[in-house]
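K.L.:
The whole structure should be built from the sequences, with the hints applied where relevant.
Below are the chains, spelled out letter by letter.
Number of protein chains: 2
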Amino acid sequence: LDNIVTEKKAEESHRQDSADLLVFILLLTLTILTIWLFKHRRFRFLHETGLAMIYGLLVGVVLRYAIHVPSDMNNVTLSCNVNASPATLLVNVSGKFYEYTLKGEISANDVDDIQDNEMLRKVTFDPEVFFNILLPPIIFHAGYSLKQRHFFRNLGSILAYAFVGTVVSCFIIGLFMYGCVMLMKQIGHMGGDFFFTDCLFFGAIVSATDPVTVLAIFNELQVDADLYALLFGESVLNDAVAVVLSSSIVAYQPEGDNTHTFEAMAMLKSFGIFLGVFSGSFALGVATGVVTALISFNFTKLRDFPLLETALFFLMSWSTFLLAEACGFTGVVAVLFCGMTQAHYTFNNLSPESQDRTKQLFELLNFLAENFIFSYMGLTLFTFHNHVFNPIFIVGAFLAVFLGRAVNIYPLSFLLNLGRRNKISSNFQHMMMFAGLRGAMTFALSIRDTATYARQMMFSTTLLVVFFTVWICGGGTTQMLSCQKIRSCFLVCCRLKYSGLFNASCLMMDFLCLRLQIGPDGVERRSTKHESAWFFRIWYNFDHNYLKPILTHSGPPLNATLPACCGPLARCLTSPQAYENEEQLKDSDSDLILNDGDITLSYGDVTVSTDAAGAHTSGTPVGGVAVNSDEALDRELAFGDHELVIRGTRLVLPMDDSEPPLPLDSHRHRHKNETMS
Amino acid sequence: LDNIVTEKKAEESHRQDSADLLVFILLLTLTILTIWLFKHRRFRFLHETGLAMIYGLLVGVVLRYAIHVPSDMNNVTLSCNVNASPATLLVNVSGKFYEYTLKGEISANDVDDIQDNEMLRKVTFDPEVFFNILLPPIIFHAGYSLKQRHFFRNLGSILAYAFVGTVVSCFIIGLFMYGCVMLMKQIGHMGGDFFFTDCLFFGAIVSATDPVTVLAIFNELQVDADLYALLFGESVLNDAVAVVLSSSIVAYQPEGDNTHTFEAMAMLKSFGIFLGVFSGSFALGVATGVVTALISFNFTKLRDFPLLETALFFLMSWSTFLLAEACGFTGVVAVLFCGMTQAHYTFNNLSPESQDRTKQLFELLNFLAENFIFSYMGLTLFTFHNHVFNPIFIVGAFLAVFLGRAVNIYPLSFLLNLGRRNKISSNFQHMMMFAGLRGAMTFALSIRDTATYARQMMFSTTLLVVFFTVWICGGGTTQMLSCQKIRSCFLVCCRLKYSGLFNASCLMMDFLCLRLQIGPDGVERRSTKHESAWFFRIWYNFDHNYLKPILTHSGPPLNATLPACCGPLARCLTSPQAYENEEQLKDSDSDLILNDGDITLSYGDVTVSTDAAGAHTSGTPVGGVAVNSDEALDRELAFGDHELVIRGTRLVLPMDDSEPPLPLDSHRHRHKNETMS
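Residue numbers (this note's numbering), protein chains in the order written: chain A, 1 to 677; chain G, 1 to 677.
It is possible that part of the hints are untrue.
Since the list gives no way to pick one copy over another, a pair counts as held whenever it fits inside one copy or between any two copies.
What the hints assert, rightly or not - In silico lysine-lysine, DSSO-like type, Cα no more than 27 Å apart, as pairs: (1) Lys8 / Lys269; (2) Lys423 / Lys485; (3) Lys359 / Lys301; (4) Lys301 / Lys269.
Just so you know, the hints here were simulated from the structure itself, not pulled from any lab data. Please read these numbers as outputs of a predicted model, since none were measured by experiment.
P.N.:
Written out as structure tokens, the structure reads:
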């Protein structure tokens, strides 16, 4: 009989879990349907993530105030006194043994809450779920879809923003918040401990920017590729930096009695941890990526079985995360670099079908995980029980976040502009300042540990920062873009194809679009061969001559690029097939650079639209693989400019709803259609 | 300091978890690479699932015997005496509260084991993982990829095998096993209780057949479509029947003292539960499918955003499972019928890109889940701690399984043949008998509860049954097919396209293939219009005239099929778009029927191969949508026959390895290529 009762309880609990998860699924479904409506109506003031948060908030309110489930007291009331808290506990109930697993510590004042709010507790996920299940696909997708060419072109600046910028921002915010905390202590607004390390930790977690909403609009409006690369690259890398930075700050533990004073050794140790964990995760991620590339390079017949290929790709990418976590590195960081390596090398070895499949798979996972996190964020504002909202801290945090971003962007941009030929203009700087949104990573870092008073206050404040930035900054992106006169082109679309008519509004929009983008000087700046950074050039040469031939079927055969003395080694590393396929298989990188030519614009040419239909038939020249890397680089850059000319002659979609819009998500397909027509 | 220790422990535990999961991921990776090798070498004696089991066994042996991790005694030794076993336990450790969740009961003699085998315990998953995470995508995929036309053609027989057959098999096996148990009790081989309900439960769980290995070979060898539909349909539906049957048997609880005697009321109640749960799950699954179809029907512009469409499809399908579980029905069964409804209706409303995406997504999930389950099966033979291997029970079980299958197939086929025009021939019956493999569902049902002696014995025996059937029956499929002279055609392939040469071996293989398939009488039997079952005809008419127009963009407009008096209703239900699109959008069902014409054969025509290249250019006639359903049915059947003629003139791939094989998995693509050429 006792058994049956236990089974009934387990069943009841399972039902409840299913119902709770169902709430989230329905939330996501609702979000998708509304997003579709927004996309269909070209309503750009609210991104899907912002919408998911609003729905989450609504459901949170309902769960908190409208539903009261009488708690099953039997379920939770028991307490027993033991001397330690093992991970597994065996409980002896009149001769029967039951196994219990540790879920976590609960602060003493929550014990009553737990008994009261069975329902709210149920919809609260283990914070580690975010780190171990939801973040990895998001971060991997970011790495996998990083626009390769523009990323590498701006690599120096991106690294500067991501490393120097994040560390600077972290310390500025930390110092500023420490001032606030001191003030709060003075006027007695502080209800618990709040040390300098806590301030720094707060600085680290809110330094992780996540301009997903901004980038979505950039993508839709076809904003400048360099700006896109700078923002996206910075946000992706500073997530990684912030994760490692925050864990190094937590690891700062001076020895001796006073554990919250400055100590050089502990500081050095933290710094060592930062370097060790970051480089370890980086190495692991790159290593798994390279292994996958080598497998797909050597098992070429795997291309005949896209299912196996995709499964292998997925498993190898996942194993990066697990391996890093098992080794004590940071899985999320490893996954990011694994994604970048996969995009750069493995992607070229995959069959076209697998290329599509992997991209679509991670796109879907990213979409679901992201919206889930944001709707959970909305929900948790009402369902989390230990919120500590302190007005001074909140106002301080907003100021600090603003200040931190400003000190990150403006001085760094100034310094970078000293070295850059293709300067980061002031309107770009303002836009980057504006696009310092906080999102999934900040949330995941702040919810990870909400045990102490300081952490609870940080969590509550972080939620508000995320809400504000996503709604206000995300929603104002279009306005900000036009205010800053940053060139953007409303969705490029062969309208003639659909309507069969030439529409006057089309020409007008085109003209408006031109005016908007060319800017005051009327001449577009393009990076040319001579402007490309030395860093990029060195990297490109090494990559093109040695890495690509070893890891992919693209690039020149190794013995053409290695010195003569290395001939045997080159023959050994280059498969005979590489020579055979040399002509067929070309570098698919261009495929990854979605925004390359698309962004550029047909300036000063108002007769554009009349010859639009014909212009595309000329197609883009895709030659063989050049042996000389300089030549290849030149060609690649020239190729970009050539594309500019061809793609420039293109129509612009007017803002009415009567036309079926082209799929915004599937850039590539439009691309294909054009080359086919 | 205490906090830090807890955190360290949690981190250690997380690392260990990551490492364990990594073992499985690497196992799957290894399996994939080996499968690829097998596929490449056309080695058909071992299917991927069989291989996954072997690798699982090897890793199990290593974990069990080669690795000894000294257990952290601190972790598990504590016991405390309380009076009940609540789902959540609060433990008061010197003023701090820790929350523990119930994992399950442990038999008293395992308490020492637990402390010994930390490592083995770690690689043991919660059995509910199989039911709630791994099985749903497998079952959904089965429903989604069910070959619609042949399935409905044989619906009566499939339902008979699935319902009557499974129940008969369950009782036969139960009775036989009860005899064995009696014998064991007589000779004192029984170490615990084993009631008749336990025997019936065993009968229910081993009645779920899973001929995944056989069907994979059928697919590769292009075996008869009716046989394929019979086997696949039966196995898919009998999984559902077995799940509900086993839960009804568990629910059999006579009142009063003697809980293991026969009682009519309890029996009726069990029967009621069976009917209620099955029909409830069925209704829920179909309902969610219909809702998804309606959404995709009405939100037609959703087609422009394949990502949103795919995400919506995925979420709606998942919510079926959760909804069913939350309502107390069986999620797995609901998911099956949801998948079938989605394939029949929603699939037609999706954009072509989403059709591909959803198919590929569920194909991948199915592949990963299936191989994971089978490798876990191998592993658990060594890592599970409470195996009870009883020779009499095992031998009895093998006999019972054989007997149960025989009593299921032969008498039922005899009865069905009385009503069928297109008889199920005796070699088909032998093949169905042979293909009664046990797989993932049987395993998941048996591992769900291993608390009692009886259940442990069942679990151990079930594992052996699965191993034997998957390896022996799965491996012998090719032999059995040729032994039973069942027509199968080695992979159809336009060899000329690849080699540019006409190969003598090609002709020879073709000839052999013909001989094999035409059989002794030399005339192929084809189902014609007159042979199609009345059940199928009624269903087809209703579906074609009323359901398809309401739920999809295919089929005739409703007001053409409804009586004149229902005119307003018809106009209301049919969107104006349906009329517009009437011509463009055709029923994509033919897409789902992969094996339709492909299986049929060019008999008596040995000059086949010479005109093969030209024959395909004629293409398949795809007309508009016929308003009269009889006409449509006729055309559809005739169309199948027409395809027979066209596709019959096709080359057969010889058995050498030098040629790059066409992707076996992507039938559809080959199909496309043919129509394009």
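K.L.:
Go through the numbered hints given earlier and state which of them the structure violates, listing their numbers in rising order.
P.N.:
4
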